[in-house]
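S.K.: Note that the protein sequences, when read in sequence, are chains F and X. Mind the numbering: the first sequence is residues 204 to 484 in my numbering, read in order. Mind the numbering: the second sequence is residues 204 to 484 in my numbering, read in order.
Hints are computed from structural coordinates only; laboratory data are not their basis. Incorrect hints may appear among the rest.
Pairs involving identical chains hold if they fit within one copy or between any two copies, as the list cannot separate such chains.
Said to hold, decoys possible - Result set (DSS-like, lysine-lysine): computed pairs, CA atoms no more than 27 Å apart in a straight line: (1) Lys-223 with Lys-211; (2) Lys-224 with Lys-211; (3) Lys-352 with Lys-282; (4) Lys-214 with Lys-224.
Predicted, not measured: the structure shown is a model, and the values here were computed from it.
Protein chains: 2
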Amino acid sequence: MIIINEVKVMKAHVRMIKSKKQTIALVPTMGYLHEGHVSLMHKARNLADHLIISIFVNPIQFGVGEDLDKYPRDLEHDKKLAAQARVECIFHPTPEQMYPAGYATSVDVEGITSGLCGASRPTHFRGVATVCAKLFNIIEPDVAVFGEKDFQQLAVIRRMVEDLNLNVQIVPHHTVREEDGLAMSSRNAYLSPEERTHATVLYRSLQHARELYKAGQKDARTVREAAVALIRSAPGAVIDYVEIVDPVTLQPLGTIVPGAVMALAVKFGRTRLIDNMVIAG
Amino acid sequence: MIIINEVKVMKAHVRMIKSKKQTIALVPTMGYLHEGHVSLMHKARNLADHLIISIFVNPIQFGVGEDLDKYPRDLEHDKKLAAQARVECIFHPTPEQMYPAGYATSVDVEGITSGLCGASRPTHFRGVATVCAKLFNIIEPDVAVFGEKDFQQLAVIRRMVEDLNLNVQIVPHHTVREEDGLAMSSRNAYLSPEERTHATVLYRSLQHARELYKAGQKDARTVREAAVALIRSAPGAVIDYVEIVDPVTLQPLGTIVPGAVMALAVKFGRTRLIDNMVIAG
Numbered sequence: 204m205i206i207i208n209e210v211k212v213m214k215a216h217v218r219m220i221k222s223k224k225q226t227i228a229l230v231p232t233m234g235y236l237h238e239g240h241v242s243l244m245h246k247a248r249n250l251a252d253h254l255i256i257s258i259f260v261n262p263i264q265f266g267v268g269e270d271l272d273k274y275p276r277d278l279e280h281d282k283k284l285a286a287q288a289r290v291e292c293i294f295h296p297t298p299e300q301m302y303p304a305g306y307a308t309s310v311d312v313e314g315i316t317s318g319l320c321g322a323s324r325p326t327h328f329r330g331v332a333t334v335c336a337k338l339f340n341i342i343e344p345d346v347a348v349f350g351e352k353d354f355q356q357l358a359v360i361r362r363m364v365e366d367l368n369l370n371v372q373i374v375p376h377h378t379v380r381e382e383d384g385l386a387m388s389s390r391n392a393y394l395s396p397e398e399r400t401h402a403t404v405l406y407r408s409l410q411h412a413r414e415l416y417k418a419g420q421k422d423a424r425t426v427r428e429a430a431v432a433l434i435r436s437a438p439g440a441v442i443d444y445v446e447i448v449d450p451v452t453l454q455p456l457g458t459i460v461p462g463a464v465m466a467l468a469v470k471f472g473r474t475r476l477i478d479n480m481v482i483a484g
Numbered sequence: 204m205i206i207i208n209e210v211k212v213m214k215a216h217v218r219m220i221k222s223k224k225q226t227i228a229l230v231p232t233m234g235y236l237h238e239g240h241v242s243l244m245h246k247a248r249n250l251a252d253h254l255i256i257s258i259f260v261n262p263i264q265f266g267v268g269e270d271l272d273k274y275p276r277d278l279e280h281d282k283k284l285a286a287q288a289r290v291e292c293i294f295h296p297t298p299e300q301m302y303p304a305g306y307a308t309s310v311d312v313e314g315i316t317s318g319l320c321g322a323s324r325p326t327h328f329r330g331v332a333t334v335c336a337k338l339f340n341i342i343e344p345d346v347a348v349f350g351e352k353d354f355q356q357l358a359v360i361r362r363m364v365e366d367l368n369l370n371v372q373i374v375p376h377h378t379v380r381e382e383d384g385l386a387m388s389s390r391n392a393y394l395s396p397e398e399r400t401h402a403t404v405l406y407r408s409l410q411h412a413r414e415l416y417k418a419g420q421k422d423a424r425t426v427r428e429a430a431v432a433l434i435r436s437a438p439g440a441v442i443d444y445v446e447i448v449d450p451v452t453l454q455p456l457g458t459i460v461p462g463a464v465m466a467l468a469v470k471f472g473r474t475r476l477i478d479n480m481v482i483a484g
């Protein structure tokens with residue numbers, strides 16, 4: 204497994220791989236890898252000849268006052284997990300490599316970025332779309348695997364790939380959860396033991412919503428309010444949003460239709476967690 | 204020479220070319236080809252195995268009230284000129300192919316797009332950057348040739364290619380002029396015979412600025428005002444801007460330094476013409 208820090212070197216490496224007519228699968232990450240990432244890497248491993256992951260804590264997707272500086276990092280542990288998952292190459296650039304002096308370009312996806320996480324993080328998805336466009340151009344993957352935990356991010360990337368005619372296939376992968384249901388996230392490391400316990404309410408609220416729908420409740424407001432009440436029962440939970448939305452347009456639904464997704468963002472202390480589930484499967 | 208109207212077909216054609224390890228040169232155009240485009244095609248012809256031009260009047264680079272609807276078109280004449288220039292393929296998509304229902308993505312370059320043409324056409328360069336990003340992803344050219352007449356556009360495309368790590372080399376080509384110095388442009392077709400005569404003042408004003416610099420005048424304001432006075436002496440000329448700028452940052456200069464460019468946009472009747480020249484060579 205090789206580690207590449209420079210865009211120029213990464214591009215040369217990609218040329219070498221392509222010259223052998225090998226295909227490339229990419230798993231973009233911000234590092235601090237956990238079992239969720241491992242699952243993405245296993246998925247990607249089977250989709251192409253060559254598996255590359257990127258590890259880059261992308262500054263432009265963090266807003267003012269967000270956790271850029273304290274975002275957890277552990278490259279040595281990441282390397283071990285990547286090697287175990289038979290990753291051939293880690294692309295680990297510096298911010299200066301990705302955004303050198305004079306940098307001025309951004310990629311924006313409108314509409315689906317305005318609600319949910321976009322409402323409280325107005326520049327977040329611009330940062331995500333821009334860095335993914337760059338990574339796709341640098342690494343030229345045939346496929347890129349994204350976790351469904353970042354539900355809105357996945358929708359934004361798919362929209363961008365289709366709109367900009369990018370030559371990469373986006374493959375979604377299911378959310379990996381702890382035994383008690385908490386979605387795996389690097390940010391879980393921020394939680395105190397008490398917060399960690401209370402945070403299981405998120406998964407339970409999603410399950411509860413799904414069960415209400417299964418039992419015949421099709422009114423989105425009723426289901427949403429039940430989930431909100433359940434979350435509020437957990438000490439310290441501060442809701443950013445709980446929404447039931449169309450899976451493609453991400454527009455809030457009045458009536459729950461097949462494919463509908465409940466998506467939520469909730470803070471425990473200073474830690475903001477997101478999760479989602481198809482509640483009408 | 205083949206004409207392709209669909210993105211999917213164009214991508215398949217590109218795959219076929221690439222599978223033969225042939226290189227591709229692209230000349231993006233809005234059609235209504237003239238000798239300036241022919242010169243770009245000749246240049247591009249020598250830079251790759253396969254020469255593709257795009258003909259697409261890109262709606263998103265026109266502002267409200269601009270000349271999208273009346274922009275001149277003559278595909279039959281364009282085909283003749285392209286065939287003579289040994290173009291192998293014309294990509295001629297419909298607006299619906301490029302911007303289907305649900306389209307939501309744009310590429311923005313900040314800073315260098317705010318002045319000059321960007322001041323009076325605030326969404327123009329977003330449209331240009333977005334369509335070029337799309338064309339580069341669809342056609343995957345090794346090189347793309349752009350005319351220096353569209354000076355700010357060239358700077359925007361270069362910035363975008365560098366920032367988004369696009370795998371295309373941007374090659375500039377000198378402005379082709381009529382015998383009396385008027386820069387070739389599809390929009391020259393709009394000019395009345397009188398306007399056409401008066402429009403030669405643009406080239407003369409650029410030459411005059413260059414001569415003043417050669418004679419020792421380094422003060423940008425003095426040189427600019429001399430050019431403005433000359434242009435105003437032409438009946439019907441209405442100045443949008445006349446600026447002396449740094450060729451990379453496009454920032455206005457106080458003192459003229461080597462490489463400095465005078466750029467201008469002037470209306471004759473309803474026709475807006477642009478031109479530029481390195482006045483400190």
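S.K.: Against each hint, give a clear statement of whether it holds in the structure.
M.R.: Against the structure, the hints:
Both within a single protomer and between protomers do Lys-223 and Lys-211 lie at most 27 Å apart by alpha-carbon distance, with minima of 19 Å and 25 Å respectively. Proximity of Lys-224 to Lys-211 under the C-alpha cut-off of 27 Å is found in both arrangements, the shortest distances being 20 Å within a copy and 22 Å between copies. Taking the shortest alpha-carbon separations for Lys-352 and Lys-282, only the intra-copy value of 23 Å comes in at or below 27 Å, while the best inter-copy value is 50 Å. In this homomeric assembly, Lys-214 and Lys-224 come within 27 Å of each other (Cα to Cα) both inside a single copy, at 15 Å, and across copies, at 18 Å.
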